[in-house]
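2 protein chains.
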Amino acid sequence: LLSLSSLVCSSAAAYMDEPNLSKSFLPHYEPDHGGAVDSSQDTRLPVFTVDYDYVQIPYEVTLWILLASLAKIGFHLYHRLPRLMPESCILIAIGALVGVIIFASDHKSPPVMNTSIYFLYLLPPIVLEEGYFMPTRPFFENFGSILWWSVLGSLLNSFGIGLSLYGVCQIEAFGLTDLNLLQNLLFGSMISAVDPVAALVVFEEASVNEQLYMVIFGESLLNDGITVVLYNIFIAFTQMHRYEEIESIDVFAGFARFFVVGLGGVLFGIVFGFVSALTTRFTHNVSAIEPLLVFMFSYLSYLSAETLYISGILAMTACAVTMKKYVEENVSQNSYTTIKYFMKMLSSVSETLIFVFMGVSTVGKNHEWNWAFICFTLFFCLIWRTLSVFALFYISNKFRTYPFTFKDQLIISYSGLRGASSFSLAFLLPVNLFPRKKLFVTATLVVIYFTVFIQGITIGPLVRYLDVKKTNKKESINEEIHVRLMDHLKAGIEDICGHWSHYQLRDKFKKFDNKYLKKILIREHQPKSGIVSLYKKMEIKLAIEMAESGMKISKSSTASLESGRNRRVRRLSAAEVASMRDVLAHNLYQVRQR
Amino acid sequence: LLSLSSLVCSSAAAYMDEPNLSKSFLPHYEPDHGGAVDSSQDTRLPVFTVDYDYVQIPYEVTLWILLASLAKIGFHLYHRLPRLMPESCILIAIGALVGVIIFASDHKSPPVMNTSIYFLYLLPPIVLEEGYFMPTRPFFENFGSILWWSVLGSLLNSFGIGLSLYGVCQIEAFGLTDLNLLQNLLFGSMISAVDPVAALVVFEEASVNEQLYMVIFGESLLNDGITVVLYNIFIAFTQMHRYEEIESIDVFAGFARFFVVGLGGVLFGIVFGFVSALTTRFTHNVSAIEPLLVFMFSYLSYLSAETLYISGILAMTACAVTMKKYVEENVSQNSYTTIKYFMKMLSSVSETLIFVFMGVSTVGKNHEWNWAFICFTLFFCLIWRTLSVFALFYISNKFRTYPFTFKDQLIISYSGLRGASSFSLAFLLPVNLFPRKKLFVTATLVVIYFTVFIQGITIGPLVRYLDVKKTNKKESINEEIHVRLMDHLKAGIEDICGHWSHYQLRDKFKKFDNKYLKKILIREHQPKSGIVSLYKKMEIKLAIEMAESGMKISKSSTASLESGRNRRVRRLSAAEVASMRDVLAHNLYQVRQR
Numbered sequence: 001l002l003s004l005s006s007l008v009c010s011s012a013a014a015y016m017d018e019p020n021l022s023k024s025f026l027p028h029y030e031p032d033h034g035g036a037v038d039s040s041q042d043t044r045l046p047v048f049t050v051d052y053d054y055v056q057i058p059y060e061v062t063l064w065i066l067l068a069s070l071a072k073i074g075f076h077l078y079h080r081l082p083r084l085m086p087e088s089c090i091l092i093a094i095g096a097l098v099g100v101i102i103f104a105s106d107h108k109s110p111p112v113m114n115t116s117i118y119f120l121y122l123l124p125p126i127v128l129e130e131g132y133f134m135p136t137r138p139f140f141e142n143f144g145s146i147l148w149w150s151v152l153g154s155l156l157n158s159f160g161i162g163l164s165l166y167g168v169c170q171i172e173a174f175g176l177t178d179l180n181l182l183q184n185l186l187f188g189s190m191i192s193a194v195d196p197v198a199a200l201v202v203f204e205e206a207s208v209n210e211q212l213y214m215v216i217f218g219e220s221l222l223n224d225g226i227t228v229v230l231y232n233i234f235i236a237f238t239q240m241h242r243y244e245e246i247e248s249i250d251v252f253a254g255f256a257r258f259f260v261v262g263l264g265g266v267l268f269g270i271v272f273g274f275v276s277a278l279t280t281r282f283t284h285n286v287s288a289i290e291p292l293l294v295f296m297f298s299y300l301s302y303l304s305a306e307t308l309y310i311s312g313i314l315a316m317t318a319c320a321v322t323m324k325k326y327v328e329e330n331v332s333q334n335s336y337t338t339i340k341y342f343m344k345m346l347s348s349v350s351e352t353l354i355f356v357f358m359g360v361s362t363v364g365k366n367h368e369w370n371w372a373f374i375c376f377t378l379f380f381c382l383i384w385r386t387l388s389v390f391a392l393f394y395i396s397n398k399f400r401t402y403p404f405t406f407k408d409q410l411i412i413s414y415s416g417l418r419g420a421s422s423f424s425l426a427f428l429l430p431v432n433l434f435p436r437k438k439l440f441v442t443a444t445l446v447v448i449y450f451t452v453f454i455q456g457i458t459i460g461p462l463v464r465y466l467d468v469k470k471t472n473k474k475e476s477i478n479e480e481i482h483v484r485l486m487d488h489l490k491a492g493i494e495d496i497c498g499h500w501s502h503y504q505l506r507d508k509f510k511k512f513d514n515k516y517l518k519k520i521l522i523r524e525h526q527p528k529s530g531i532v533s534l535y536k537k538m539e540i541k542l543a544i545e546m547a548e549s550g551m552k553i554s555k556s557s558t559a560s561l562e563s564g565r566n567r568r569v570r571r572l573s574a575a576e577v578a579s580m581r582d583v584l585a586h587n588l589y590q591v592r593q594r
Numbered sequence: 001l002l003s004l005s006s007l008v009c010s011s012a013a014a015y016m017d018e019p020n021l022s023k024s025f026l027p028h029y030e031p032d033h034g035g036a037v038d039s040s041q042d043t044r045l046p047v048f049t050v051d052y053d054y055v056q057i058p059y060e061v062t063l064w065i066l067l068a069s070l071a072k073i074g075f076h077l078y079h080r081l082p083r084l085m086p087e088s089c090i091l092i093a094i095g096a097l098v099g100v101i102i103f104a105s106d107h108k109s110p111p112v113m114n115t116s117i118y119f120l121y122l123l124p125p126i127v128l129e130e131g132y133f134m135p136t137r138p139f140f141e142n143f144g145s146i147l148w149w150s151v152l153g154s155l156l157n158s159f160g161i162g163l164s165l166y167g168v169c170q171i172e173a174f175g176l177t178d179l180n181l182l183q184n185l186l187f188g189s190m191i192s193a194v195d196p197v198a199a200l201v202v203f204e205e206a207s208v209n210e211q212l213y214m215v216i217f218g219e220s221l222l223n224d225g226i227t228v229v230l231y232n233i234f235i236a237f238t239q240m241h242r243y244e245e246i247e248s249i250d251v252f253a254g255f256a257r258f259f260v261v262g263l264g265g266v267l268f269g270i271v272f273g274f275v276s277a278l279t280t281r282f283t284h285n286v287s288a289i290e291p292l293l294v295f296m297f298s299y300l301s302y303l304s305a306e307t308l309y310i311s312g313i314l315a316m317t318a319c320a321v322t323m324k325k326y327v328e329e330n331v332s333q334n335s336y337t338t339i340k341y342f343m344k345m346l347s348s349v350s351e352t353l354i355f356v357f358m359g360v361s362t363v364g365k366n367h368e369w370n371w372a373f374i375c376f377t378l379f380f381c382l383i384w385r386t387l388s389v390f391a392l393f394y395i396s397n398k399f400r401t402y403p404f405t406f407k408d409q410l411i412i413s414y415s416g417l418r419g420a421s422s423f424s425l426a427f428l429l430p431v432n433l434f435p436r437k438k439l440f441v442t443a444t445l446v447v448i449y450f451t452v453f454i455q456g457i458t459i460g461p462l463v464r465y466l467d468v469k470k471t472n473k474k475e476s477i478n479e480e481i482h483v484r485l486m487d488h489l490k491a492g493i494e495d496i497c498g499h500w501s502h503y504q505l506r507d508k509f510k511k512f513d514n515k516y517l518k519k520i521l522i523r524e525h526q527p528k529s530g531i532v533s534l535y536k537k538m539e540i541k542l543a544i545e546m547a548e549s550g551m552k553i554s555k556s557s558t559a560s561l562e563s564g565r566n567r568r569v570r571r572l573s574a575a576e577v578a579s580m581r582d583v584l585a586h587n588l589y590q591v592r593q594r
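Chains as they are written, first to last, in our numbering: chain A, 1 to 594; chain B, 1 to 594.
One or more hints might be untrue.
Note: identical chains are not told apart, hence a pair may lie in one copy or across any two.
Unchecked claim - Heads up, simulated PhoX-like pairs for lysine-lysine below, C-alpha to C-alpha not over 25 Å straight-line:
#	residue 1	residue 2
1	Lys324	Lys340
2	Lys340	Lys541
3	Lys365	Lys437
Treat the hints as calculated values from the structure; they're not laboratory data.
Please model the complete structure; the sequences and the hints are all you need to start from.
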C-alpha cells in the first residue's frame, strides 16, 4: 500500500500543476517540438532539461491506468477482502481518497471523468467483452424473457421513477417545484441504467441456475442501450420544449426513434461482424494482426453507430456476437488466446478506471443536497424495481416451461446495482437545460453508493442464504453431442406437429449458416463442424494443462533442491543435472508416445 | 483490392471534410454532448441525426489502422509478393496513393504524420518489441562490437556526411551557400539514423550467421537513440548560434550531455524494469492485468525519460530487457502468450502505419528540389557508410576471435536502409532556425525511397548471391545444458588464469542474480532454474503443436466428409458422429496415457 499511496501522490501532484480541466486533456501537438528548442532564455547548452507538456496526456493516462491496476492488485493481495465486498467498493473508496487529496491540495474539483472519455474509450471495451463472451446458446434460449424484462423493465422503471418523483416535486414544502415532468422523466431514465457486474460476479461464484444468470446478464447487455436511447429522446424533448409545445407527432417520432436506434444498432453490428469475419478469412500469412482486426472492426461499429445516433452499445454487442463464431474458426491458436485475454484485460482495466474515476468525481463542489428528493429517489428506485420484477415475471412465467421462482425474482430485484452509466449520464446533462443538474448528480451518486456498498456487499450472503437453485453444467464433448441430437429431434418433432418455435428457427438458421455463411466467411480446409472445433479447443486446453501439471510435479522436486543450491559452482551444476533428469523422467511420456 | 480502395476513398473523404490539420487532430471534448442537443434549428424531433465531430479522433485513428492492416493483408495474400520486395515498399506506395487522392481532391498537403504522434505513440511499441525479444545472450556476447559499431559508426556517418555536404555547399554554382556548417552537421546526424528492419527480415529468412545478425540488430536498437541525441544537441547549438558564439565549454557540455542522455536512459530503464518485475510478483490473483503492467511500466519509462530529455528509446529498451526475465517467470502462461503476441501485433501495426504515413506525407507542397544537394546526399550516405564499416570493423576485427569477413562487412554496409526516424526528424525541424527545411525534407525522402526501394529489394538476392556464412542454431534442452556447463568451465579457467573477461562478469552477475534479485523479484514456489523454465516453455509449445497436428489429421478426414453433408438432417448427424469417432481414434492417446 506504500507504493500505492506514493503513486497517488505523484498522480495528484501531476494534477496540481494543471488545475484546468480542459487544458489538462487537450493534447499539445506542437509540430515544432525538437529537443531543447524552447529554452531560448538560457543560451548555454543545458545538460538537463524538463519538458512535461510534451508528454502530458499519455503520461497522465498511463499513471491513471497504473494507479487503477495497483489498486486492483492491492485489493486481491489478501484472500479475505474479495470475499467480504465487491471490488467496486474498494476502487470507489480509493478514487474518493485520491479525489480528497486533489481537492485538499488544490481547492478545485478534481478534473477527471469527462463523459466523452467514458462513452468513447472506457465503455466500448466493457461492451465488447460482454458481447464476445456471451454464452450464445442460453442467451437465445432465454431470449424472450430477457427481451421482455430488459425492454419493459427499463421502460417501467424509467417512467415509474420519473412520474413518482414528479408527484413528490408537487409538494411545495420540498422546494422542488421548479422541476417539470420532462426533467423528472429524464432523471428516471438516467437512474434506471443498472450495472449488475458485481451481481454477476456473485452469481458466478455461487453458480446459480442458468436462466437466472442469463436474465441478469441479458439485462446488463441491453439495459444500457435502452436507457441511453430513452435519455437522448428526453433530452431532445426538453430541448424542443423550450421553443414550442410537444405535439403527439413528436411522441410518435420518439417511438420510431426508439426502434430505429435499437434495431438499427443491431443491424449495423451484424453487418460489421460479417465484414470482420470475412477479413479474418484472408489473414493466414499475417496472423500477427488478427487480434487487431477484431478490436478495430468492433470499435468501428460502435463509433459508426454513435455517429449516426443509433445505439453503439447494441451495435458493438451484435458485432461481437456475430463475428465471434467465424473469427474463432479462422484465427490461429495464439491469436485466439491474445484476443481472449487482451479483451478481458481491457475490459477489466476500463471497469477499474471507471470506478476509480467515479470515486474521484464524487469529491468536489458540484453537489446540491435535498433530503426529500434524494431519499425519495432511493426509495422509488428500490420500490419500482421490485414492483416491475414481480409484475413482469408474473406475466412471462405463464409462457415459460421453467418459471422463475419467488426466490429468483427476489434476487433479480435485489441485483439492481447502479453504476457508471447512470453516473456518466448525470454528468452529461447540459446545464442550460437543467438548472438543477447538481441535485441530479448528487442523487445519482447517492443511489450508486447505496446500491454498490449496501446491496453489493449483502447480495453474496443473500444468495447463499436463499439457497437458489444451482447449476451443474460442465462443458464436455459428450454433452455437446447429445444436445445436438436433441436439437435435431425436437426440430423434427415440431416439424411433424406443425408447431413453429425457436427450435425450428435455430434449425433453419443452422442450415443457412452451413450452406452459405460458413462457406463465405471461414477459410477453406478448416473443420466446419462446431463439435470438431470445440473438441480442438478442449484438446489444446487439456494439452496445456497436462504440460503445466507435469511441471508442477517437477516444481516440487526442484524446490526441495533449492536449499542445496548457492554453495559452489560444481555442486550447482550437478544439482541442476539431477533436477533435469528428474523432470525428464516425469515428462518423457510426451516424447515416448510420439 | 476493391475493398481496399473503397476504404481509401472513405478515409480520404473523411479528410476532405476536414482540411485543417490542427483541427483534424484536436479532440472535441464537449462536456455537453447529449444526443440531439445541437440540432436547435430543427425543432421537430429528428429520427436520424449525424454527429461526426464527437467521434472524429477515434474514428479516424481506427480507419487509418484498418487501412494499414488491410494493406498488410493484401500484401501477404499472394505468396510471390513478399519474396520480391519488402513490405515497406508496398506500404509506402499505398500511402503515396492515398496522399495523391487526398491532395488531388483537396489541393492541400495531406494532414498526417505529426512528429509528436510518431515519437509518443508509434515509436514506443516498436522499441518495446525490439527490446523485449532481443536475444540477450548473443547480444551481450557481441556487445563490444555492437557498441563500437553503433556509437562510432553513427558519429562517423553523421560528421562525415555533414562535413562533406558542407564542402559541397561552398561551391557557389549549386546555390547552397546559405547552409552553414551546423545545419549541415544536423542534417548529417538526421540522415544517419538507419532503420534496418527490412534487412533483418531478409537475414532471418536467409538465416545468416549470428554475429552478423546481432550487429545489425544492435545497430537498429542503439542507432536511433544515438542519432536523436546528436540531433538534439545540434538543434540546441543552432539555437545558441543565433545569439552568440559557441564556446569550447558548450562542446564539452554537448559531450557530457551525450553520456548523460545515453547512460541516464539505460539506468532509468533498468530501474523501471525492476519495479515492473517486482509488481508482477504480486499479481497471482489478478492475472488478467499482468500484460498491462508490462506495457504500462515500459511506456512510463519511455515517457519519463523523454520528459527529462534523456533517451526514451534506450530507457525502454533497457526496461524491456531487464523486466523480461523476471516477468516471464512470474506471469501465467496465458498472460505470457498475450504479452508476446500483443507486443508483436502493436509493433507490426506501428510499423505499417509509419510506412503508410510516410507515403502519404510524401505528397504535398513542402518540397524543394536541388539536384546537387540531393545527389550528393545520396552519394555521401552510401560512401560514408561503406567507409565507416570497413574502417571500424578493420579495427574491431583485431580483437575478435571470429572476425567479420569481407562479405559480412559488405552486407553490413549495404543494409543501411533509412526509414521513419530520419523522416520524422526532418519533419521536426523548426522552420525559423532552418529556412531551407523543405530541401532537407526532400533530400531525406529521396534517400529513404532510394534505400527502401533499391537496396531493400536487392538485399535479399545479394545475401543469397554472396552466400554468407549460415547458422544452424536450434533451441534445445541438450544444447542449453552444454552451454551452461561450458560457461562454468570457461569462468573457472579464467579464474585460474587470472584473466578477467565477460565470462567472469557473467558468472558474477548470475551469482548476484540468484542470490538477491531473483529472491526479491520472482514469486515464491516458482522454478528458479532457467533450464527448468525453458523446458516448461518448450513442453507447452510441444503440447500445443501435438494437439494441433492431431487436429490436422482429423481435419483431412472431416474435409472428405464434407461432400456427404448438406443432404438431410439424419445423414448429417450420422456423418458427424462418424467424424467424431475418427477424431477420437486419432487423439485418444491423450486420455489413455493419463
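> Is the C-alpha distance from Lys324 to Lys340 at most 25 Å within one copy, between copies, in both cases, or in neither?
Replying inline: both (11 Å within a copy, 22 Å between copies)
>> As a check of your reading, is Lys365 near Lys437 (CA-CA no more than 25 Å) within one copy, between copies, both or neither?
In response: within (12 Å within a copy, 50 Å between copies)
> Are the CA atoms of Lys340 and Lys541 at most 25 Å apart within a copy, between copies, both, or neither?
Replying inline: both (14 Å within a copy, 19 Å between copies)
Checked against the numbered hints given earlier, the structure satisfies every one of them.
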